[in-house]
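Novice: One letter stands for each residue in the lines below.
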Amino acid sequence: MRIKEVVTGIMAAAFLFVIIVTIIFGSTGWTPSTEIRPLAKFYLENCFNVFNRTWWTASPEAVTSMLWDYRGIDTYYETSVFFLAVISGVALFRIAEIKLGTKKKELGLSIIVKTVTRLIFPLIIIVSISVAFHGNLTPGGGFQAGAIFAVAPLLLIAAFSRHYLEENIKLTKDKCLTLRTIGLTAITLIIALPVLAGALTLMQNQAKPWSPFFSFPEVVGPVWTSGTLFFLNVAEFLAVGAGFTLLFLLLSIPEEEFKRVFGL
Amino acid sequence: MSIETFFQLYGYAALIVIIAISLYGIVRGASLIKKLIALTILGDTANAFMIYLGFRFGRQYPPVLPTLKPTPEQIAWFTSVAVDPVPQCLVITAIVINMAITMFLAFLIIQTYRLYGTTMVKRITKLKG
Chain A
76 MRIKEVVTGI
86 MAAAFLFVII
96 VTIIFGSTGW
106 TPSTEIRPLA
116 KFYLENCFNV
126 FNRTWWTASP
136 EAVTSMLWDY
146 RGIDTYYETS
156 VFFLAVISGV
166 ALFRIAEIKL
176 GTKKKELGLS
186 IIVKTVTRLI
196 FPLIIIVSIS
206 VAFHGNLTPG
216 GGFQAGAIFA
226 VAPLLLIAAF
236 SRHYLEENIK
246 LTKDKCLTLR
256 TIGLTAITLI
266 IALPVLAGAL
276 TLMQNQAKPW
286 SPFFSFPEVV
296 GPVWTSGTLF
306 FLNVAEFLAV
316 GAGFTLLFLL
326 LSIPEEEFKR
336 VFGL
Chain B
40 MSIETFFQLY
50 GYAALIVIIA
60 ISLYGIVRGA
70 SLIKKLIALT
80 ILGDTANAFM
90 IYLGFRFGRQ
100 YPPVLPTLKP
110 TPEQIAWFTS
120 VAVDPVPQCL
130 VITAIVINMA
140 ITMFLAFLII
150 QTYRLYGTTM
160 VKRITKLKG
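In order, the protein sequence lines correspond to chains A and B.
Going left to right, the first sequence walks through residues 76 to 339 as this note's numbering numbers them.
Going left to right, the second sequence walks through residues 40 to 168 as this note's numbering numbers them.
Honestly, the hints are just simulated from the structure, not real lab data.
Beta carbons: idealized from backbone N, C-alpha and C, even for Gly.
Check the hints yourself; a few may be wrong.
[Said to hold, decoys possible] A short, non-exhaustive set of chain A residues, derived as facing chain B with CB atoms under 7 Å:
#: 1; residue: T109
#: 2; residue: P113
#: 3; residue: E120
#: 4; residue: A137
#: 5; residue: M141
#: 6; residue: A160
#: 7; residue: I162
[Claimed, not checked] Computed, partial: chain A to chain B, Cβ under 8 Å:
#: 8; residue: T83
#: 9; residue: A87
#: 10; residue: L91
#: 11; residue: I111
#: 12; residue: V156
#: 13; residue: G164
#: 14; residue: H209
#: 15; residue: T213
#: 16; residue: P214
#: 17; residue: A222
#: 18; residue: E331
#: 19; residue: F333
The following block holds chain A by itself, in its conformation from the complex (with noise of 0.2 Å):
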């Protein structure tokens, strides 16, 4: 017992002492103090030089572009791995049925926290459609937007009960799962697309030196679209989103429902 503690202790001084040495040393890559890297150079010059359109991705909004666009694949893969994450969720939590009670006993909390909740409640889905639909214009985006959603059922949850969401809202476990699908299909049909038309980049925004035949319309109608970034935006949003709303689902079921299914 003595020696474990022990080699715990060095094994984390030693692990503070690299994370102290690689910042001292600027191995971390150049921490500057006023200018920045090459790299970011790069992107804060391209992402929106309506002069040299080589490499733009018609959205003046840096790190939307570099999400969905320079580096487009890698956000590909960390929904998937938001994916897994609520997939094995889903699966450890998956009971037989879920009775929705029939009590007429009123639930939640007080009056007050009900009205208020009620008034907040559609404001914060506002916000989050709006910051949902100007993600490549203004700071957000598909990720922020989903994650303000998700907070408007969990305080449903809260204040009323899981039986409001699901019997008034009818906000229930597998219309989240199906909105999560059709986000997620319609980031797949969308990275998919430029394919089938003609280009040779997975997940083409605009047109590429090496893939010059393909680039999807930056304004559509009165619309700034930035090509496929809003459309991506919107599909993000309604993955994450649902995907939080049904995790909080599955959080509140009543504890006697899993001791009538485990039978304990």
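Since the structure of chain A is provided, determine the placement of chain B on it from the hints.
Specialist: Relative to chain A, chain B alone:
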């Protein structure tokens, strides 16, 4: 030491102290819940650390061009003042994935509690069957 360097080192020192505390929590936490809390602190500190590496002292501007009809001068100005967008881009996905992984671990811990009636690591290792 200039005031700029002082604040830079102060930020690094604070982040390293938080990493040390969270590592201690992960290793020595008695309950799985406490280990999970320490793990989320470690993840958030790593994210803050990455954002900190991309910071630009003296002249900061968010990496968003404020116009849809820029002039060449505006693009040059934007490149000279905006902070590094690369770490921000990494952190956006990392936060959401972190949250999903945390929820998955929470699911596992809840299930452990339901099946074994405890989240204390020492008691779980002594269980048989």
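Novice: Could you run down the list of hints and mark each one as holding or not?
Specialist: Comparing the hints with the structure gives:
Taking 7 Å as the C-beta cut-off, the interface hint given for A/T109 holds, the closest approach to chain B being about 5 Å. With a least beta-carbon distance of about 11 Å to chain B, the hint placing A/P113 at the interface is violated under the 7 Å criterion. Given hint, A/E120 at the interface with chain B, holds; its Cβ is 5 Å from that chain's nearest Cβ, closer than 7 Å. For A/A137, the suggested interface contact is upheld, since its CB lies about 4 Å from the closest CB of chain B, less than 7 Å.
Proximity of A/M141 to chain B holds as hinted, the smallest CB-CB distance being about 4 Å (cut-off 7 Å). Checking A/A160 against chain B: minimum C-beta separation of about 4 Å stays under 7 Å; hint holds. With 7 Å as the threshold, the beta carbon of A/I162 stays out of range of chain B, its nearest partner Cβ sitting at about 10 Å, so the hint is violated. Using the Cβ-Cβ criterion of 8 Å, the hint placing A/T83 at the interface with chain B is satisfied: the shortest such distance is roughly 5 Å.
Because the smallest distance between the Cβ of A/A87 and any Cβ of chain B comes to about 5 Å, under 8 Å, the interface hint for this residue holds. About 6 Å separates the beta-carbon of A/L91 from the nearest beta-carbon of chain B, less than 8 Å, and the hint is met. Taken as an interface hint, A/I111 checks out: its beta carbon lies about 5 Å from the nearest beta carbon of chain B, inside 8 Å. Because the closest C-beta pair between A/V156 and chain B is about 5 Å apart, less than 8 Å, the hint holds.
The interface hint given for A/G164 holds, since its Cβ lies 5 Å from the closest Cβ of chain B, which is under the 8 Å cut-off. With 8 Å as the threshold, the beta carbon of A/H209 stays out of range of chain B, its nearest partner Cβ sitting at about 11 Å, so the hint is violated. With its C-beta approaching chain B no nearer than about 7 Å, A/T213 sits inside the 8 Å limit, and its interface hint holds. The interface hint given for A/P214 holds, since its Cβ lies 6 Å from the closest Cβ of chain B, which is under the 8 Å cut-off.
The restraint placing A/A222 at the interface with chain B holds, with a minimum CB-CB distance near 6 Å, inside the 8 Å limit. At a threshold of 8 Å, the smallest CB-CB gap from A/E331 to chain B is about 12 Å, leaving the interface hint violated. For the restraint placing A/F333 at the interface with chain B, the shortest Cβ-Cβ distance is roughly 6 Å, inside the 8 Å limit, so the hint holds.
Of the numbered hints listed earlier, those contradicted by the structure are 2, 7, 14 and 18.
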